[in-house]
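**Q** Okay, here's what each chain looks like letter by letter:
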Amino acid sequence: MVDISNIHKTYITGNNKLHVLKGIDLKVDAGEMISVMGASGSGKSTLLNILGILDNHDHGEYILNGVRIENLNERKAAMLRNKFLGFVFQSFNLVSFKNAMENVALPLYYQNVKRKKRNAIAMEFLDRMGLKDWAHHLPNELSGGQKQRVAIARALIAKPKVILADEPTGALDSVTSQEVMDILTDINKNENITMLIVTHEHDIAKRTQKTIRITDGMITEIIKN
Amino acid sequence: MFSLDRWQEIYSTIRKNKLRTFLTGFAVAWGIFMLIILLGSGNGLENGVKEEFKGGALNGIWISSGVTSVQYKGLKTGREIKFTDQDYKLIKTSIKGYDRISARLYMGNVLVSNKNEYGTFFVSPSHPDYGYIKEVQVLQGRFLNQIDIRECRKVAAIGEKVKSQLFKGRDTVALEKYINIKGVPFKVIGIFRDFGRGDDEQKRIYIPITTAQKVFYTSNVINQISFTTGQASPEEADAMLKKAKMTLARSHTFSPDDPRAIDIMNKSEDVRRFNALFTGIRLFIWIIGIGTIIAGIVGVSNIMMISVKERTKEIGIRKALGATPGSVIGLIMQEAILITGFAGYIGLVLGVGLLELISRNIPPSDFFRNPEANLAIALGATVLLIIAGAFAGFFPAIKAAAIRPIEALREE
Ligand SMILES: Nc1ncnc2c1ncn2[C@@H]1O[C@H](COP(=O)(O)OP(=O)(O)OP(=O)(O)O)[C@@H](O)[C@H]1O
Ligand SMILES: [Mg+2]
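Protein chains in written order, with the numbering used here: chain A, 653 to 877; chain B, 8 to 419.
No lab work stands behind these hints: they were computed from the structure. Backbone N, C-alpha and C define an ideal beta-carbon position, used for all residues, glycine too. It cannot be assumed that every hint is accurate.
Unchecked claim - Below, a list of computed lysine-lysine pairs in the DSS-like style, where the Cα atoms sit at most 27 Å apart:
1) A/K769 / A/K750
2) B/K122 / B/K175
3) A/K811 / A/K750
4) B/K168 / B/K189
5) A/K735 / B/K406
6) A/K766 / B/K23
7) A/K750 / B/K25
8) B/K23 / A/K750
9) A/K750 / B/K406
10) B/K99 / B/K61
11) B/K320 / A/K728
12) B/K168 / B/K61
13) A/K750 / B/K316
14) B/K83 / B/K249
15) A/K811 / A/K862
16) A/K735 / A/K813
17) B/K316 / A/K728
18) B/K320 / A/K811
19) A/K813 / A/K768
20) B/K23 / A/K769
21) B/K320 / A/K750
22) B/K320 / A/K766
23) A/K679 / A/K858
24) B/K25 / A/K766
25) A/K768 / B/K320
26) B/K189 / B/K161
27) B/K249 / B/K80
Said to hold, decoys possible - Short, incomplete list of chain A residues facing chain B, as computed with Cβ under 7 Å:
28) R733
29) F739
30) P759
What the hints assert, rightly or not - What follows is a set of in silico ranges between Cβ atoms, one per label pair, in the way DEER data are often shown:
31) A/A772 / B/V356: 32 to 40 Å
32) B/R13 / A/A772: 18 to 26 Å
33) B/R13 / A/I874: 44 to 52 Å
Take the sequences, apply the hints, and build the full model.
**A** So, in structure tokens, the structure goes:
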């Protein structure tokens, strides 16, 4: 599903060059659930951004679901993200003035699904997250766990091939974190959606099939859980 | 691009940012309001002055005899110039390209009666062409004709006010009846309407000039020669006037530069001056109006710019979820167009409403009447608004499209 080899990424700010990713090779099969661990600044988010086509790599090869990701224009990248990828972030990234249902429905708006239809689908997904009663609430009226469940519903609604989650439990307490992981593992099992989860917590990492450790821009260890 | 869904998306954004939207729109509404009021007032001014030009061909030139004020060829000043039929014929043959020409006598206000009804009216002996030069509208019967002139008929074309005063009652027939002018009976051959606003123009009686010369003057004197210049250009019209002036100056031996020997009223020149003045005023109004609108646009653009900055995260999220740069540009531009368009429309309606109120409640005067904003102005303003909105949204939209999701979404 995800196949990268020899990925390099250097950030240039002013006169400084920061070589963040120094040749990453990784193969993730369809339906696999993988966690990524590593020290702060080791390049985990950078890797996830490249996998999410939110950023481009300098060197190496990235093949997503058989499509070679290289020199894409923004429009093409946006379309691939919409079709293949779902994102879950540490700080949820919900649109503050849209209610839960509208937030969940947003990816379908960019697929030109009619408003009525996409809101109905969004309600289904919220229902699956146990948030049906919160559909018309704004994000600031929801708890952290509820927000993250809305974000997960939003990541799922376009039926992506891969979900990329950057510290999805980073802002949650341990009980809520486990609940969110329950949902993610369920989705992985039942829908066969490939998952990459960046985390700092061993408890979370343990619940995935494989843990990849990144040190200073390189994969140094792959642990089977 | 203009899907209903996009509008709903924009509507929900606007609804959730009411104050910002209101502030943005206000400047534009004000700009358009001012433009409409200015343009309407300009029109009112123009209509008021235009009214002054009514009743007489816009290409008419009137030359009346006067008194010399410049010594010329040994002749002293204060000499009275007297036009005769000879001058009329001379001008008729010497100037080229005129359309209509007529001589006139000044009889002034004269007592006229119909049996027991009396009135003082301005009796104006002239040629048939004077009806065209004065642009009178014949309501009944006819105006003077060549046979009247040739046969020195005692006939009269009377103004509608003359009719109503001498022939009281709506249905009283005046045509073919005789009225008495200075003791001489004249047959009424026509009733006309004059659009001029002077009292004497409304109460006028035209009789054949030849008849008047024979009956009242026993000479071939005339007081005024007038002609229209047809399709002539301003330069050609000027040339005709100059030729007429030279002809008269030579035949009566006065200096062509004497400003008093003859008195000239050149309507086309007045109209030209008036048009130049109002072109200037209109230009001035548009410059001020457009300036006000530009200020509004800059305001909208600025606020949209801030709004885009505030919405960086939202736009980043949208992009991560699959928004293309085009759709982001469309979103921002359309929002700008919607706000400008809607606010501007409110300004338009308020402006037109105020003008309507003014024109209903302020009586028309010589300087101001019917301050109107016509359909063309409203349409023009609408197009202007949409363009303005697009301008206002353009830079913010470009900025929004350039937002990189990784930067917008970076964890703090
Ligand atoms: N857009 C950028 N421009 C310049 N440098 C960047 C940029 N994004 C990240 N970096 C730098 O790249 C390095 C790796 O950042 P990255 O966000 O990938 O780390 P991380 O492993 O996700 O860390 P954390 O666990 O703290 O989230 C850091 O030193 C960071 O400062
Ligand atoms: Mg990170």
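**Q** Decide, hint by hint, whether the structure agrees.
**A** Here's how the hints hold up against the structure:
Of the supplied pair hints, the one linking A/K769 and A/K750 holds, its CA atoms being roughly 17 Å apart against a limit of 27 Å. Restraint check: the Cα-Cα separation between B/K122 and B/K175 comes to about 12 Å, which is no more than 27 Å; the hinted pair holds. A distance of roughly 21 Å separates the Cα atoms of A/K811 and A/K750; the hinted pair therefore holds under the 27 Å criterion. Proximity of B/K168 to B/K189 is assessed by CA-CA distance (about 19 Å); at most 27 Å being required, the pair is judged to hold.
Taking the CA atoms of A/K735 and B/K406, the gap is near 25 Å; set against the 27 Å cutoff, the hint holds. Among the hinted pairs, A/K766 with B/K23 is consistent with the structure: their alpha-carbon atoms are about 22 Å apart, no more than 27 Å. The straight-line distance between the Cα atoms of A/K750 and B/K25 is roughly 15 Å, inside the 27 Å bound, and the hint therefore holds. A hinted pair counts as satisfied when its Cα atoms are at most 27 Å apart, and B/K23 with A/K750 qualifies at roughly 9 Å.
Proposed proximity of A/K750 and B/K406 is supported: the alpha carbons are some 22 Å apart, at most 27 Å. At roughly 26 Å between alpha-carbon atoms, B/K99 and B/K61 fall within 27 Å of each other, so this suggested pair holds. The hinted pair formed by B/K320 and A/K728 meets the criterion: a straight-line CA distance of about 21 Å does not exceed 27 Å. At roughly 18 Å between alpha-carbon atoms, B/K168 and B/K61 fall within 27 Å of each other, so this suggested pair holds.
Our distance criterion of 27 Å between C-alpha atoms is met by A/K750 and B/K316, whose separation comes to about 18 Å. Distance restraint check for B/K83 and B/K249: the Cα-Cα separation of roughly 23 Å lies within the 27 Å cut-off, and the hinted pair is therefore satisfied. Restraint check for A/K811 and A/K862: the C-alpha separation of about 23 Å stays at or below 27 Å, so the hint holds. Restraint check for A/K735 and A/K813: satisfied, since their Cα atoms lie roughly 8 Å apart, inside the 27 Å limit.
Among the hinted pairs, B/K316 with A/K728 is consistent with the structure: their alpha-carbon atoms are about 25 Å apart, no more than 27 Å. Taking the CA atoms of B/K320 and A/K811, the gap is about 24 Å. The hint holds against a cut of 27 Å. Proposed proximity of A/K813 and A/K768 is supported: the alpha carbons are some 25 Å apart, at most 27 Å. Between B/K23 and A/K769 the CA atoms are separated by roughly 23 Å; this keeps the pair inside 27 Å, and the hint holds.
Under the criterion of a C-alpha separation no larger than 27 Å, the hint pairing B/K320 with A/K750 is consistent with the structure, at around 13 Å. Pair hint B/K320 plus A/K766 holds up; C-alpha atoms about 25 Å apart against a cutoff of 27 Å. Under the criterion of a C-alpha separation no larger than 27 Å, the hint pairing A/K679 with A/K858 is consistent with the structure, at around 19 Å. Among the hinted pairs, B/K25 with A/K766 is consistent with the structure: their alpha-carbon atoms are about 26 Å apart, no more than 27 Å.
For the proposed pair A/K768 and B/K320, the alpha carbon gap of about 26 Å is at most 27 Å, so the pair holds. Distance restraint check for B/K189 and B/K161: the Cα-Cα separation of roughly 12 Å lies within the 27 Å cut-off, and the hinted pair is therefore satisfied. For the hint linking B/K249 to B/K80, the alpha-carbon distance of about 20 Å falls within 27 Å, and the restraint holds. The restraint placing A/R733 at the interface with chain B holds, with a minimum CB-CB distance near 5 Å, inside the 7 Å limit.
Look at A/F739: its Cβ gets to within about 5 Å of chain B, closer than 7 Å, so that hint holds up. This hint holds: A/P759 has a C-beta 5 Å from the nearest C-beta of chain B, less than the 7 Å allowed. Between A/A772 and B/V356 the CB atoms are about 39 Å apart, so this pair conforms to the stated range of 32 to 40 Å. As the Cβ distance of B/R13 to A/A772 is approximately 20 Å, the hint placing it in 18 to 26 Å holds.
For the pair B/R13 and A/I874, the beta carbons lie near 46 Å from each other, so the given range of 44 to 52 Å is met.
Hint compliance for this structure: every hint is met.
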